[in-house]
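Visitor: So the chains spell out like this:
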Amino acid sequence: MPFVANFPFACILITMVCGIVSSVLKSKNAYRLNIFAASVCFALSLMLLLFMINEPTSITYMMGHYPAPWGNEIRFGPLEALLATIFCFIMLSSLIAGRKDAFIDIKESKINTFCLMMNLLLSSILALIYTNDLFTAYVFIEINTLSACALVMAKGNGRSISSAFRYLIMSLLGSGLFLLSIILLYSVTGHLLMPNIYESVQILIATNEYMVPLTVIIGFAVTGIAVKSALFPFHTWLSFAYESSTCAASSILSGIVSKAYIILLIKIFYRVIGFENIVALKINNVLFVLGAIAMIAGSISAIKETKIKRIVAQSSVSQIGYIFVAMGLGTQAGMIAAVLHMIVHALTKSMLFSASCGLIAASDQKKKLKNLKGAAYRNPIAGIGFVIGALSMIGIPFFAGFASKYYIATASISSPEKMGVLLALIAVSTVLNAIYYVKVISVIYNKKDSDTKRVSSGNMYILGMTMFIVANLSLGIFYQPIVDIITIGLQLF
Amino acid sequence: MKTMKNKITAVFKKFIDGDFDIEAKEIKVKPEIKSEHKEQSMKERYLIWHDNHGVHSFKTIYAGCSIFVCVTLAVILLYTVSYLPAYGNPLNPANNEVSDRYTEFGLEETGAVNTVAGMILDYRAFDTFGESAVLFVAASIVMMLLKKDEKKRSKHLEDHSRDPIIKHIAQVIVPCLLIFGVYLVLNGHLSPGGGFSGGAVMGAGLILYSSAFGYRKASKVITDKLLRNIVFVSFCFYAVAKGYSFFTGANHIPTGIPLGTAGNIISSGLILPLNIAVGLIVTCTMYSFYALFNKGEI
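Protein chains in written order, with our numbering: chain A, 18 to 510; chain B, 147 to 444.
Next comes chain A alone, as it looks inside the complex (with noise of 0.2 Å):
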C-alpha cells in the first residue's frame, strides 16, 4: 500500500484532533488553528489527487486491526481524491475570506465554539467523502447535522436562531429517515458494508425477495437524502439558513454540505443499490421530475427576493435541481454531468456568498438590494467575484458554468425520452437566472446617486476572493481534465 493512502484517515483525524483543541483556545489562535487544518487537508488531499492520477485506483483502507466487514473501512479513488481536495480548498478559501465578518459577526467568547464546528463540519464530510460503511456514514451525517445547524446559529441573534431551528427539523427528518432505511436494510441483508449489502441485494433483486422492503428503504434513503440536500419539495429552510448565517458559514453550507449528501446518494446508488436497478425501479424519474420543478422553481422565486444573500440562496434551489435532473437521466454520462455541476456549483456559490458578504459589508451591513448601489466601486474585488459568479451559473462561454450545462445538454443525448424536455429547461431556467442576476450586477454597478468611495474589506478577504476568483477561471478553462478523472473516478467507484 503506498503512503499515500493514510492521507485520507490523516485529514478526518487533524480535523477531528484540531477541532477539539481549538475549543481550549483563545479566538483569534483558534481560528488561526482552523485555517491551518483546512490548508493541510487541502495540500493532503492534492498529494492524494496527483498520486491518483498517475495511477488510478481504488484504495481500501482499513480502520484498525480487523478487515472490513468486522471493522470499519474506508474506500476511496481518484474521484474522492477530486472531491475532497475541491471541498478543502473551498473550506480554506471561505474561512479566509469570511474572517473579518466572522469576528464582526459572533461574539468573541464563541468563536472558538464556532471553529471547533467548522472543523467538524469539515471531518464529517471528508469521512462522509470517503466512508465505505453505510453506519458510519450515518454517525458522521449526525456530527455533519449538528455542527451545521450550530453555525447557522452561531450569530446568536433572533432570526439566526430560529432559522438554525427550521434547518434541525429538516435536517433531522432527513437523519431520521435514512436511519430507518439502514436498519430496514441490515435487517434484510445482514449487512453495513457497501460492497457485501451490494452483493446481498443483487441476490433479492434476482430471486425477487423482500421487494417491498427493498423498494420502502431506496424511497427513504432517497428522500431523506433529498431533505437534507433541499432538493424541490424540502428547500424551504435552505434561503432561510443561508441568508442568516455569517459569511463563512453560509459559504460553506451552500457550497460543500449540500453536495456531501449527494456525493452519499451517488455511493447509495452506485455502490450499495446498484445504478442499473435503480434506474429498472425508475427512482432516477422521480429525481428528474423534482430536479426539473426545482429549476425553474428556483429561479422564480429568485426573482421575486429583494435581499441579495436570498437571491444568492433560492439559486442554490435552481442549481441543486440541475444536479438531480442530471443524475435522473439514469446513464453514466449524466453522472459525469451531475458531479461536474456539482463541483462548479460548490466553487461558484461558495465564491457568490462570500462576495455578496463583502458587498453588503462594505453597504453598511444594509442586506436589501436597493441598500447596495454602487457597492461595487466600493469593494472592487466582490464586485468582481460576484461578476464571474454570477457569468458562471447563467452558463457563459468560457466560465465553469458553461462546462458543466454544456455536459448536461450534451448528456441528454445518451436518453433521448428526456432530450427535448431537458433542453427546453436548460433554456428556461438559463433565461430565468439571467434575469436576477443580471439586475443584481447592474444594482451594484450602478454609479447614479450613490456612494463610490472604497470601503477597506481588510487583507484576508481580498487573499480569499482572490483564489475564488482564480479557482473559478481555471476550471472555466481547462474543465477537461477534471471530466477526465471524474471518467475514471466513476468507472472506478
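Among the hints, a few may not be true.
Stated by the list, open to error - With a Cα cut of at most 27 Å, we get these calculated BS3-like pairs of lysine-lysine:
1) B/159 to A/470
2) B/159 to A/464
3) B/151 to A/465
4) B/153 to A/456
5) B/159 to A/456
6) B/151 to A/456
7) B/159 to A/324
8) A/117 to B/293
9) B/153 to A/385
10) A/45 to B/293
11) A/470 to B/160
12) B/160 to A/324
13) B/160 to A/385
14) B/160 to A/321
15) B/151 to A/387
16) B/294 to A/43
17) A/45 to B/294
18) A/321 to B/151
19) A/117 to B/294
20) B/160 to A/465
21) B/159 to A/321
22) A/127 to B/371
23) A/43 to B/293
24) A/383 to B/159
25) A/321 to B/189
26) A/464 to B/153
Claimed, not checked - What follows is a list of derived Cβ distance ranges for each label pair:
27) A/250 to B/243: 39 to 45 Å
28) B/213 to A/189: 17 to 23 Å
29) A/497 to B/398: 36 to 42 Å
30) A/175 to B/311: 39 to 45 Å
31) A/212 to B/401: 25 to 31 Å
32) A/223 to B/326: 48 to 54 Å
33) A/455 to B/205: 39 to 45 Å
34) B/376 to A/179: 31 to 37 Å
35) B/419 to A/321: 54 to 60 Å
36) A/476 to B/200: 50 to 56 Å
37) B/243 to A/193: 27 to 33 Å
38) B/318 to A/226: 56 to 62 Å
39) B/192 to A/179: 26 to 32 Å
To be clear, the hints were calculated from the coordinates, so they are not data collected in a lab. Since the model is a prediction, treat every value here as computed from it, not as a measurement. All C-beta atoms, glycine included, are put in the ideal place defined by N, C-alpha and C.
Model the placement of chain B on the given structure of chain A, informed by the hints.
Guide: This is chain B only, laid out in the frame that chain A set:
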C-alpha cells in the same frame, strides 16, 4: 397605449434599480364606497375571505396535512415490517459470518470478556469515535446557545434551603451512584456496562448532588474550566490512541500493546483506557447539559 408603455418602462427601471418589491403592496386609502351597488370581483371576495378566515383555515389544513403525513408514514412502516424476516429466526440474514466472528473469536482477538465492549471499542472503534464526537458537539452547542455572558450573570442565585429529606437521601445515594458508575466504567470490558452507561450513572450522581445541595456548593468543585479540560484531555487521548491503532492496523504493523489475561482488570489492551475516556466525556456532557439548561452556566 402610450401610458401603458410608460408604466411598463417605469416598472422595468425600478426592477433594474433593485427597488422593485413584488410582495410589498401599495398602501392606498380606499375611498368609501358610496351607496351605489357594486358587485365585488372574485379577487376582492377572495381577499376578504383571506383576511377573515385565512389564518384559521391554514391551521386546520396544516394539522390535517401533518396527521396525514404521520399516518401514511406509520402505515408504510407497518406494512414494511410485516414483510421483514421474523424476529429471532436463526436463518435470518442478520445472523451471518459477521456476528459469528464477534461471538467466536471476540474474546481471543480483543481480550474483552464483554463482547459488546470489544465490538464498539476495538472492531468498530471508528464509529464509536464518531459517536463520542457527536456527544462533544452536542455539549458544545448547548454551551454556545445557553451560556450567559459574564456581565449578565446574576450574582446571587437564590439558593433557598433545600428539603432535608432530599439532602439526607442524597448523602447516602450520591456516593453509591458515583462508585457504581466507576465500577461500570472500569469493568466495562469484563461485564455489561462500559463508558456510555457508566458515564451516564456518574453524571446522574453529579446532577443529584447539585440539585440536593444547591448550585453554589457544586460549582465550587465542578467548574466550567474543569469540565472543559477533562473533556478535552479524554477526547484527545481517544483520538491519539485510536489514531495510533488505525494507523498501525492499516499498515499491518503490530501495535505492541499486550492484551493481558482475559478476565483481569488490566487486560484487553486499549479498551479499558478508552472506556475511561468515554465515561469521563459522558459524565461531563450530562452534567453540563443539566447545569446549562437549569442556570445557563456551570
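Visitor: Now tell me, hint by hint, if it's right for this structure.
Guide: Structure-based check of each hint:
1. B/159 to A/470: Between residue 159 of chain B and residue 470 of chain A the Cα gap is close to 25 Å, so the pair holds against 27 Å.
2. B/159 to A/464: Holds. Residue 159 of chain B to residue 464 of chain A sits at ~15 Å (cutoff 27 Å).
3. B/151 to A/465: Cα-Cα ~24 Å, so holds.
4. B/153 to A/456: holds (19 Å)
5. B/159 to A/456: Roughly 10 Å separates the two Cα atoms, so the pair holds.
6. B/151 to A/456: Given that 27 Å is the threshold and the Cα spacing comes to 21 Å, the pair holds.
7. B/159 to A/324: holds (18 Å)
8. A/117 to B/293: Cα-Cα ~24 Å, so holds.
9. B/153 to A/385: Measuring from Cα to Cα gives roughly 24 Å; hence the hint holds.
10. A/45 to B/293: Since the Cα atoms of residue 45 of chain A and residue 293 of chain B sit roughly 20 Å apart, the hinted pair holds (cutoff 27 Å).
11. A/470 to B/160: holds (24 Å)
12. B/160 to A/324: Holds: residue 160 of chain B and residue 324 of chain A sit about 15 Å apart, inside 27 Å.
13. B/160 to A/385: Distance of about 14 Å is within 27 Å: holds.
14. B/160 to A/321: holds (13 Å)
15. B/151 to A/387: Answer holds: residue 151 of chain B to residue 387 of chain A is near 24 Å, not above 27 Å.
16. B/294 to A/43: Status holds; Cα separation ~18 Å.
17. A/45 to B/294: Between residue 45 of chain A and residue 294 of chain B the Cα gap is close to 21 Å, so the pair holds against 27 Å.
18. A/321 to B/151: The hint holds at about 22 Å.
19. A/117 to B/294: It holds: about 24 Å lies between the C-alpha atoms, which stays within 27 Å.
20. B/160 to A/465: The hint holds at about 13 Å.
21. B/159 to A/321: Given that 27 Å is the threshold and the Cα spacing comes to 16 Å, the pair holds.
22. A/127 to B/371: holds (15 Å)
23. A/43 to B/293: Since the Cα atoms of residue 43 of chain A and residue 293 of chain B sit roughly 17 Å apart, the hinted pair holds (cutoff 27 Å).
24. A/383 to B/159: holds (22 Å)
25. A/321 to B/189: Holds, at about 21 Å.
26. A/464 to B/153: holds (24 Å)
27. A/250 to B/243: 39 to 45 Å: Holds, since residue 250 of chain A and residue 243 of chain B (Cβ atoms, about 42 Å apart) stay within the stated range.
28. B/213 to A/189: 17 to 23 Å: holds (20 Å)
29. A/497 to B/398: 36 to 42 Å: Cβ of residue 497 of chain A to Cβ of residue 398 of chain B: about 39 Å, so the range 36 to 42 Å holds.
30. A/175 to B/311: 39 to 45 Å: About 42 Å separates the Cβ atoms of residue 175 of chain A and residue 311 of chain B, which means 39 to 45 Å holds.
31. A/212 to B/401: 25 to 31 Å: holds (27 Å)
32. A/223 to B/326: 48 to 54 Å: For residue 223 of chain A and residue 326 of chain B the Cβ distance comes to about 53 Å; the hint holds.
33. A/455 to B/205: 39 to 45 Å: For residue 455 of chain A and residue 205 of chain B the Cβ distance comes to about 41 Å; the hint holds.
34. B/376 to A/179: 31 to 37 Å: holds (34 Å)
35. B/419 to A/321: 54 to 60 Å: holds (58 Å)
36. A/476 to B/200: 50 to 56 Å: At 52 Å between Cβs, range holds.
37. B/243 to A/193: 27 to 33 Å: Given a distance of about 30 Å, which is inside 27 to 33 Å, the answer is holds.
38. B/318 to A/226: 56 to 62 Å: holds (58 Å)
39. B/192 to A/179: 26 to 32 Å: holds (30 Å)
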